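Engineer: Residue-level listing of the chains:
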Amino acid sequence: MRKTLVVLFLLFAGAATAGAQSNPMLLNAAGATFPYPIYSKWFDVYHTAHPNIQINYQSIGSGGGIRQLLAGTVDFGASDGPMSDDQLAQAKFKILHFPTVLGAVIPTYNVSGVSTDLNFTQKALAGIYLGTITKWNDPEITKANPGVKLPGEDIVVVHRSDGSGTSYIFTDFLSKASDDWKNKVGKGTSVNWPVGLGGKGNEGVSGLVKQTPNSIGYIELIYAVQNSIPYGKVQNAAGKFVKADLAGVTAAAASMKDMPEDFRVSITNAPGATSYPISSFTWLLIPAQISDAGKRDAIKDFLKWMLMDGQKFNEGLFYAQLPKSVVTKETKAISLIQ
Amino acid sequence: MDRAAPRRFNGGGPRAFIHRLRHGDEVAHILTLTFAAGILLLTSMLVYELWVNSHLSRAKFGWMFFWTSTWDPVFDNFGAAPFIYGTLVTSIVSLVTAVPLGLAAAIFLSELAPRRMSDTISFLIDLLAAVPSVIYGLLGIFIVVPLMRTTVGPILIGTLGHVPVIGRFFKGPNYGVGFLTAGVVLAIMVVPFIISVSREVLLTVPREQREAALALGATRWEATWKVVVPWARTGILGSVFLALARALGETMAVTMVIGNDPKISASLFAPGYTIAAVIANEFTEATGDLYLSALIELGLVLFLMTFILNGLARLLIVATERGGGHPS
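In order, the protein sequence lines correspond to chains W and B.
Position 293 of the first sequence, counting from 1, maps to 292 under numbering that gives the first Met the number 0, and the rest follow consecutively.
Position 310 of the second sequence, counting from 1, maps to 309 under numbering that gives the first Met the number 0, and the rest follow consecutively.
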């Protein structure tokens, strides 16, 4: 009996070490959950076209992606918010940002007696989330919605309880819309919300809004479209009330006249009459120096493919395409990867 | 077994050791000792990791961490007070709801129900204990929350809200989610533990005790309440603390129904937050080092709370043992 156990153990150990042989090129990536559907589509299509390159992506969250990239456990990361200067300083190596797709955040609400699209001014959204505007028939909201009968009920505010890129985009917008918000709360994937209930994930927020009368919450555009959730219009920097759609989001990105070289830019509250004000890029974080030549070439090739062919898949999954100007700039930036 | 052999083989000399080794005694001893030590090692490693990884936050906030009530990831100001409050309140509400219910059910199942019915129902209740907590969370969202908002909430606010001392716990806006809802959902989750353990303990009470009480002229209920239940006191207390342990650490079900708002409010209808919920919600996206460290320190705080409460449980059990009743 003992002899058989020893033999079995040795066989097992042998098999375990034998299994760790090199396979065709495997790249590891981790990060944001927001673009996970499009990324998995891209990696799958790319693998079919290049069977020897396999990219393994774990959507553990932007924070996790950044951390794993800094720790060196993944080949590249993904994040809904650009890395801050502090984080970049912490890294032992230079990191490049490559925008991949665009996303948007929309306000959804459940007001008794209202079935039309409501217009929200920037001040209204900031006031509601700061807790200074407490009733639905506040002048700031009624003056943007003439002819709509708004009840005098308390507004029940709903926000995200989990850290997320969606919150980052929304709070970034609110910081631009209101100095009060910028000084009191600031922007981040998790913030100290002055008022409101927290729902977990887009499903948590939309669930709470649907169930609670006279409530307002913010969710991703893609989620709203896929689940046919009604949402309102937001006033952009040009003063127009825009209902979010893919064209408006791409317009917001295209309107950024001085795109910085490192692509770390916020496009919320973008200029332009058709721009949707609560839009954002999501980025791939690639190390500038990759010592393994095979991996480097694979990543560079994937990025080229993503900018040319990959963008065609965006609309099918309700992500907005990158504007031409950004694609051109990024294609040039790929050569920075050494 | 060693009595049969004329030689003494416990202790003393290499020959004795080899004998014990070959006959399995020493192997069994070493193996079981390793596993027991392993558990202790695992726990110490856990505490060590929590301690080390929270050093940034401990260094910056010190003892203030326990009573600061802001949780601000943007301006790096963290405090555990709302979470400690939320964890304690939801656990207390769940126990206050679950213990009378569970104890009554256990008494019924052990004393009053026919044996077959009792066995079937206990089997079903044990199944309830195995249901994953996310399911309870969904149950909470789709059934308990609307019920609380439309029916139970207004009734309680209307009646208990006006009573002088406890009125402050039942005031204020009622969203459906909040401490009370979380407490009720937790109660539903821990009741099976209380029922099954208490029932087992009540069934072990010797028949002589019951018969003696009845012989002295007690009614059926008096015999149960005054003799049988006190005899099983320590076991029942044990089940209550088992339930408390589950309630303290429950994450998913609570975060779905508590409103996730880190504020301390007297009203049970207000939204709140618990330690387990905030760690589950914010850990993956926590980018700053101090932020991460603060979350880990929260984990350490929860560990400490559980440790203290379990210690109190032990003390309470020892105290009741001294007061009479079957030692368990």
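Just so you know, these hints were derived from the structure itself, not from any lab.
Please read these numbers as outputs of a predicted model, since none were measured by experiment.
In this text, a Cβ means the ideal position worked out from N, Cα and C, and glycines have one as well.
Take the hints with a grain of salt, since some may be wrong.
[Said to hold, decoys possible] Partial chain W-side listing against chain B, Cβ under 10 Å, derived:
#1 His158
#2 Arg159
#3 Val190
#4 Gln234
#5 Gly238
[Said to hold, decoys possible] Per label pair, the in silico range of CB-to-CB distance:
#6 W:Thr72 <-> B:Leu308: 49 to 57 Å
#7 B:Ala15 <-> W:Thr3: 50 to 58 Å
#8 B:Leu87 <-> W:Gly71: 37 to 45 Å
#9 B:Pro163 <-> W:Asp153: 51 to 59 Å
#10 B:Leu20 <-> W:Leu7: 18 to 26 Å
#11 B:Leu87 <-> W:Asn27: 28 to 36 Å
#12 W:Thr72 <-> B:Glu199: 46 to 54 Å
#13 B:Leu308 <-> W:Ala70: 49 to 57 Å
#14 W:Thr141 <-> B:Leu123: 49 to 57 Å
#15 W:Leu4 <-> B:Glu199: 35 to 43 Å
Engineer: With reference to the structure, classify each hint as holding or not holding.
Structural biologist: Here is what the structure says about each hint:
1. Checking His158 (chain W) against chain B by beta carbon gives a least distance of about 9 Å; that is within 10 Å, so the hint holds.
2. The criterion of a C-beta within 10 Å of any C-beta in chain B is met by Arg159 (chain W), whose closest approach is roughly 9 Å, and the hint holds.
3. For the restraint placing Val190 (chain W) at the interface with chain B, the shortest Cβ-Cβ distance is roughly 5 Å, inside the 10 Å limit, so the hint holds.
4. Given hint, Gln234 (chain W) at the interface with chain B, is violated; its Cβ is 25 Å from that chain's nearest Cβ, farther than 10 Å.
5. A distance limit of 10 Å between C-beta atoms decides the matter here; for Gly238 (chain W) the minimum to chain B is near 29 Å, and the interface restraint is violated.
6. A beta carbon spacing of about 37 Å between Thr72 (chain W) and Leu308 (chain B) contradicts the range 49 to 57 Å that was offered as a hint.
7. Between Ala15 (chain B) and Thr3 (chain W) the beta carbon distance is about 29 Å. The supplied range of 50 to 58 Å is therefore violated.
8. For the hinted restraint 37 to 45 Å between Leu87 (chain B) and Gly71 (chain W), the CB-CB distance of approximately 41 Å keeps it satisfied.
9. In this structure, Pro163 (chain B) and Asp153 (chain W) break the distance hint of 51 to 59 Å, their C-beta atoms being roughly 27 Å apart.
10. The beta-carbon spacing between Leu20 (chain B) and Leu7 (chain W), approximately 22 Å, falls within the hinted interval of 18 to 26 Å.
11. Range check, Leu87 (chain B) to Asn27 (chain W): about 42 Å between beta-carbon atoms, so the 28 to 36 Å window is missed.
12. Taken as a hint, the range 46 to 54 Å holds for the pair Thr72 (chain W) and Glu199 (chain B), whose Cβ atoms sit roughly 48 Å apart.
13. Distance hint for Leu308 (chain B) and Ala70 (chain W): a CB-CB separation of about 36 Å, inconsistent with the stated range 49 to 57 Å.
14. For Thr141 (chain W) and Leu123 (chain B), the hinted distance range of 49 to 57 Å is satisfied, since their beta carbons lie about 55 Å from each other.
15. Between Leu4 (chain W) and Glu199 (chain B) the C-beta distance comes to about 38 Å, which sits within the given range of 35 to 43 Å.
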